[in-house]
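There are 2 protein chains.
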Amino acid sequence: MYRDDATSDIQQVEQLMLDLVLHETGEAGKAAAYHLSAGGSRVRALLALEAARALAVRGHQAIAIAAACELLHNASLVHDDLQDGDVVRRGRDAVWRRYGEAAAICVGDLLLSAAYAALASTGVCAGALVSRMHKRVAAVIRGQCEDIAMQGRIFSPLDTYEQVARAKSGPLLILPIELALVLGGRADAVATAVEAGSLFAIGYQIADDLEVAERDALNEKLNIVQVLAAAGEPQPRACARDLAVTRFRQAHAAATALPCGCGSLLAVQALRRSEALNVALETA
Amino acid sequence: MYRDDATSDIQQVEQLMLDLVLHETGEAGKAAAYHLSAGGSRVRALLALEAARALAVRGHQAIAIAAACELLHNASLVHDDLQDGDVVRRGRDAVWRRYGEAAAICVGDLLLSAAYAALASTGVCAGALVSRMHKRVAAVIRGQCEDIAMQGRIFSPLDTYEQVARAKSGPLLILPIELALVLGGRADAVATAVEAGSLFAIGYQIADDLEVAERDALNEKLNIVQVLAAAGEPQPRACARDLAVTRFRQAHAAATALPCGCGSLLAVQALRRSEALNVALETA
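Sequences listed follow chains A and B, in order.
Start counting the first sequence at 4; every next residue gets the next number (this note's numbering).
Start counting the second sequence at 4; every next residue gets the next number (this note's numbering).
So here's chain A without its partners, still in its complex pose (with noise of 0.2 Å):
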């Protein structure tokens, strides 16, 4: 039984994500909390609940799936904060920075955790939905060392930054759709889900680093327009915007293809992003 009410259904993957984080885990456990509790805009989980919502899936299942997918994506911004000593995260402290470093291993490692017992309650087909976790989150931690390793480098060969820009972000917005065609039934699609979910990861890597292009510039950080003036581009930037248009408009294609309209929120988002680049454009 499906409940056609997005508000309750997010409202749901929230207390499902604090349950699972809460129970018998002591300061971890409220520092989880007080990650959680600091919001974020909870795009993993509205993929998962529209796309299982598209596909007839059950609502506990997709409630589950969608808590799943943003405690991945939790844990992944803890760990990641106190990897690039980021200090604010969503405007308040971030984790590391109020608890501690060691703190901060404990609570990404219980979110890590917390997502898969997530899946848990999926039931006959949970081992099924771990297993392709597992294989996104192989992917997401090899996109991290990468990214790790290329600190310190103003360059890279184009293809090389697309490969580590699809590796650092696209696993976790392909497996929100991915685990709802499984439960839907149409795993035969997922293919596409990762077309559409690495394309879009690419094209916000590249939106990203036009925002910071500058900063990026004074400290010596690798970033798209660096990249394309090194390969012998007289526009880098405007360059760099048609990429990421290009990447937001195949992610659209791809999204747009998925059985039974289940990528139609990441489309609109590609969309809505390379419209928004096009209009910097024209206004620059």
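It should be emphasised that the hints constitute simulated quantities derived from the structure, not laboratory data.
You may find that some hints are simply not true.
One copy or two, it doesn't matter: identical chains are merged, so the pair holds either way.
Said to hold, decoys possible - Only pairs whose alpha carbons sit at most 20 Å apart, straight line, appear in this in silico DMTMM-like list of lysine to aspartate or glutamate:
1) 33 x 150
2) 138 x 278
3) 138 x 30
4) 138 x 22
5) 224 x 87
6) 138 x 27
Position chain B relative to chain A; hints supplied.
Using the frame of chain A, we list chain B on its own:
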């Protein structure tokens, strides 16, 4: 179909662990394999295999839960070494020392994720096992956080000391037997496994503290000898030994009470350790 061949079983466990961490994981996978290849006693895998055999659990399920417990334990070692600043593990550089702190966070995450993936192959009961594993992981994380919070303290009440010792290593001693009990249809006996694993963990911590009591006293680290001295115990070392012997004997009794002899390996270990402490006491 269960293969009555412990060597072959443990080889299959090793292979499954490597498969799960090396599949498209790049440098993080190599670092995880580096950590696993240093060996270790594999006690948790053996506890799971032994319990599964006693309870007539199917062979591939036994391998899966053994790999899951061992991966979990190794995830905790990689993150604990980083948190505690321990530079050597199993005679080699700890992962963080060799690959860097950021990479070590990724490696622990990968091992933790792989532990859940190992459970995926157990079939329709995977969800129940995942749920139980998360509860034990949460307990270990709480214990690790409490342990971190106690760093810098020299004294604590005895019951707090025992509670932290129990939480730190108890859950990962309980889990191998617990998962076998669930698969063997004897979940009713989990409370006895909890008792056996918790008491063993306390005995183990006390015995470990006795080994390093002089060093801990110099470094002003919390140690059972200090705990008992502060409680007014005139012979704190002898008293600590008595307490460890008592806990190991209690663990032995609980492990022996488990159904079908599924706790026999833990029982044997508890007995050996209590006897070793008695010998040390007599020759002291």
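We went through each hint and held it up to the structure:
Taking the shortest alpha-carbon separations for residue 33 and residue 150, only the inter-copy value of 16 Å comes in at or below 20 Å, while the best intra-copy value is 30 Å. Proximity of residue 138 to residue 278 under the C-alpha cut-off of 20 Å is found in neither arrangement, the shortest distances being 32 Å within a copy and 46 Å between copies. In this homomeric assembly, residue 138 and residue 30 come within 20 Å of each other (Cα to Cα) only across copies, at 15 Å, whereas the closest approach inside a single copy is 30 Å. For the homomeric pair residue 138 and residue 22, the shortest alpha-carbon distance between copies (12 Å) is at most 20 Å, but the shortest distance inside one copy (25 Å) is not.
With identical chains, the CA atoms of residue 224 and residue 87 are at most 20 Å apart within one copy only, with a shortest distance of 12 Å there and 31 Å across copies. Taking the shortest Cα distances, residue 138 and residue 27 sit within 20 Å of each other only across copies (8 Å), while inside one copy they are farther apart (29 Å).
The structure does not agree with numbered hint 2 stated previously, though it agrees with all others.
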